[in-house]
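On the provided structure of chain A, position chain B as indicated by the hints.
In order, the protein sequence lines correspond to chains A and B. Just so it is clear: in the first sequence, position 160 is 160 by the UniProt record's numbering, and no numbers are missing. Just so it is clear: in the second sequence, position 219 is 219 by the UniProt record's numbering, and no numbers are missing.
A portion of the hints provided could be inaccurate.
As the list claims (entries may be wrong) - Facing chain A, according to a computed beta carbon distance under 7 Å, are these residues of chain B, among others: (1) Asp73; (2) Val153; (3) Tyr156; (4) Thr236.
Just so you know, these hints were derived from the structure itself, not from any lab. Just so you know, even glycine gets a beta-carbon here, dropped at the ideal spot from N, CA and C.
There are 2 protein chains.
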Amino acid sequence: MSVENIRIVLVNTTHPGNIGSAARAMKTMGLSSLYLVDPVDFPSGEARALSSGATDLLESAVVTQTLEEAIADCELVIGASARVRGISLELTDPRDTAQVAVSEASTGRKVALVFGREDRGLTNEELRLCHRQVHIPSVAEFSSLNLAASVQVLAYELRMTSLSHEGEASVPEVREYELASSEQMESFYTHLRDMLNDVGFFKSCNPEKIMAKLRRIYGRSRLDRMEYNIMRGILTETQAAVKNLRKPS
Amino acid sequence: MSVENIRIVLVNTTHPGNIGSAARAMKTMGLSSLYLVDPVDFPSGEARALSSGATDLLESAVVTQTLEEAIADCELVIGASARVRGISLELTDPRDTAQVAVSEASTGRKVALVFGREDRGLTNEELRLCHRQVHIPSVAEFSSLNLAASVQVLAYELRMTSLSHEGEASVPEVREYELASSEQMESFYTHLRDMLNDVGFFKSCNPEKIMAKLRRIYGRSRLDRMEYNIMRGILTETQAAVKNLRKPS
Numbered sequence: 001m002s003v004e005n006i007r008i009v010l011v012n013t014t015h016p017g018n019i020g021s022a023a024r025a026m027k028t029m030g031l032s033s034l035y036l037v038d039p040v041d042f043p044s045g046e047a048r049a050l051s052s053g054a055t056d057l058l059e060s061a062v063v064t065q066t067l068e069e070a071i072a073d074c075e076l077v078i079g080a081s082a083r084v085r086g087i088s089l090e091l092t093d094p095r096d097t098a099q100v101a102v103s104e105a106s107t108g109r110k111v112a113l114v115f116g117r118e119d120r121g122l123t124n125e126e127l128r129l130c131h132r133q134v135h136i137p138s139v140a141e142f143s144s145l146n147l148a149a150s151v152q153v154l155a156y157e158l159r160m161t162s163l164s165h166e167g168e169a170s171v172p173e174v175r176e177y178e179l180a181s182s183e184q185m186e187s188f189y190t191h192l193r194d195m196l197n198d199v200g201f202f203k204s205c206n207p208e209k210i211m212a213k214l215r216r217i218y219g220r221s222r223l224d225r226m227e228y229n230i231m232r233g234i235l236t237e238t239q240a241a242v243k244n245l246r247k248p249s
Numbered sequence: 001m002s003v004e005n006i007r008i009v010l011v012n013t014t015h016p017g018n019i020g021s022a023a024r025a026m027k028t029m030g031l032s033s034l035y036l037v038d039p040v041d042f043p044s045g046e047a048r049a050l051s052s053g054a055t056d057l058l059e060s061a062v063v064t065q066t067l068e069e070a071i072a073d074c075e076l077v078i079g080a081s082a083r084v085r086g087i088s089l090e091l092t093d094p095r096d097t098a099q100v101a102v103s104e105a106s107t108g109r110k111v112a113l114v115f116g117r118e119d120r121g122l123t124n125e126e127l128r129l130c131h132r133q134v135h136i137p138s139v140a141e142f143s144s145l146n147l148a149a150s151v152q153v154l155a156y157e158l159r160m161t162s163l164s165h166e167g168e169a170s171v172p173e174v175r176e177y178e179l180a181s182s183e184q185m186e187s188f189y190t191h192l193r194d195m196l197n198d199v200g201f202f203k204s205c206n207p208e209k210i211m212a213k214l215r216r217i218y219g220r221s222r223l224d225r226m227e228y229n230i231m232r233g234i235l236t237e238t239q240a241a242v243k244n245l246r247k248p249s
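Isolated chain A, as found in the complex (with noise of 0.2 Å):
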């Protein structure tokens, strides 16, 4: 997998809340290599409880003095940054980065991902030693993203590249039967037909119109096998209910 090559790296992280939740975070997208440069609080118990299960990252988290020695052997360094100052940097959104570090990690780079302090982010200096700028896309009046919350979008748009890269879909299929032929769907119709007709309920409205509709209706929904011998069967009671109270009793 291309994403061992992408490492997430959080810079004097004050809260250790964060750096639990942002290992979970990371955990549910399939990331595993977390660097953590002059964290305020670690270990700590708060972060074991936040990180829900992920303590398995937490353990194997590599601590470090400076960002420099995170990011030392990496070939393509992305910081995460809200605010453009006046550093003119690469700046693209989460998607585009995801689609560039994935892109870098498959040939064998290593890529790190680079997330600032809570409360002012990164330093100037830090941006320095960045390649590109991620900038999620937030509303001007309410930009502040909570951190592990920046590294669950990060974390999300790697999955979703690396799950296109590799041609799985990122959703299961979920139909549990296979679906019912147009023959059956074409015999489903007739007996609609019949069904309604023997109600009485093409009295008063026309049947070509009636049937249109509700050809519309079945179709959208596209009934598998299971749910058309359902159908079928409602149908048939229905039939039955009718005729054989018609019948002297």
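Just chain B now, kept in the frame of chain A:
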């Protein structure tokens, strides 16, 4: 902005901090409509603290007793669920879901994104009230995202989509009529069940199982108001046919 028609619904949230974090996540992405179904602890100081300034969303949050109330006026209801149960709702990833949600919201329809409990998600009963299901593509071995992190990912995708939609004049419209509301669909299902009972369909099968299957069929189909009227008309005529014939002539 079309996202005004999109609400986030949190069902039976246990930890008030998650409500606050979800409000923060929403606000950074320009969402403002929050519904809370039977929250365990709300209002709460912890929710305020973790909202990090998104207190306006907490103050304007609508609290309801049931999910039905929270989505009564919605035309599109999307349930967030990690697990694929035996429920064949249309299941998509956050990106495709955001496309659908923003596109429907921009035509004036009310859209709900529904998130379940921290530990157990949404019940099957609650998922049956949804038209679609969204799955954040987490890794199989560690699939549990934090509630607010899930809200953040979906809110982010909604923002990405609405930003790309901005400036575009038109959104493809496909349906002639407004869609039936959730409330109308509930009355349809009640009527359908009564009709099936009248024709004796439940003699040999479990009504709950059958109704669950039928909800899936019509949920996928998403009736508009004209179609809804036709279906109600069919049920009424069928019941009349069975009942009138029962009367001694």
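Hint check results:
no. : hint   : in the structure
1   : Asp73  : 23 Å, violated
2   : Val153 : 5 Å, holds
3   : Tyr156 : 5 Å, holds
4   : Thr236 : 9 Å, violated
The structure shown violates the earlier hints numbered 1 and 4.
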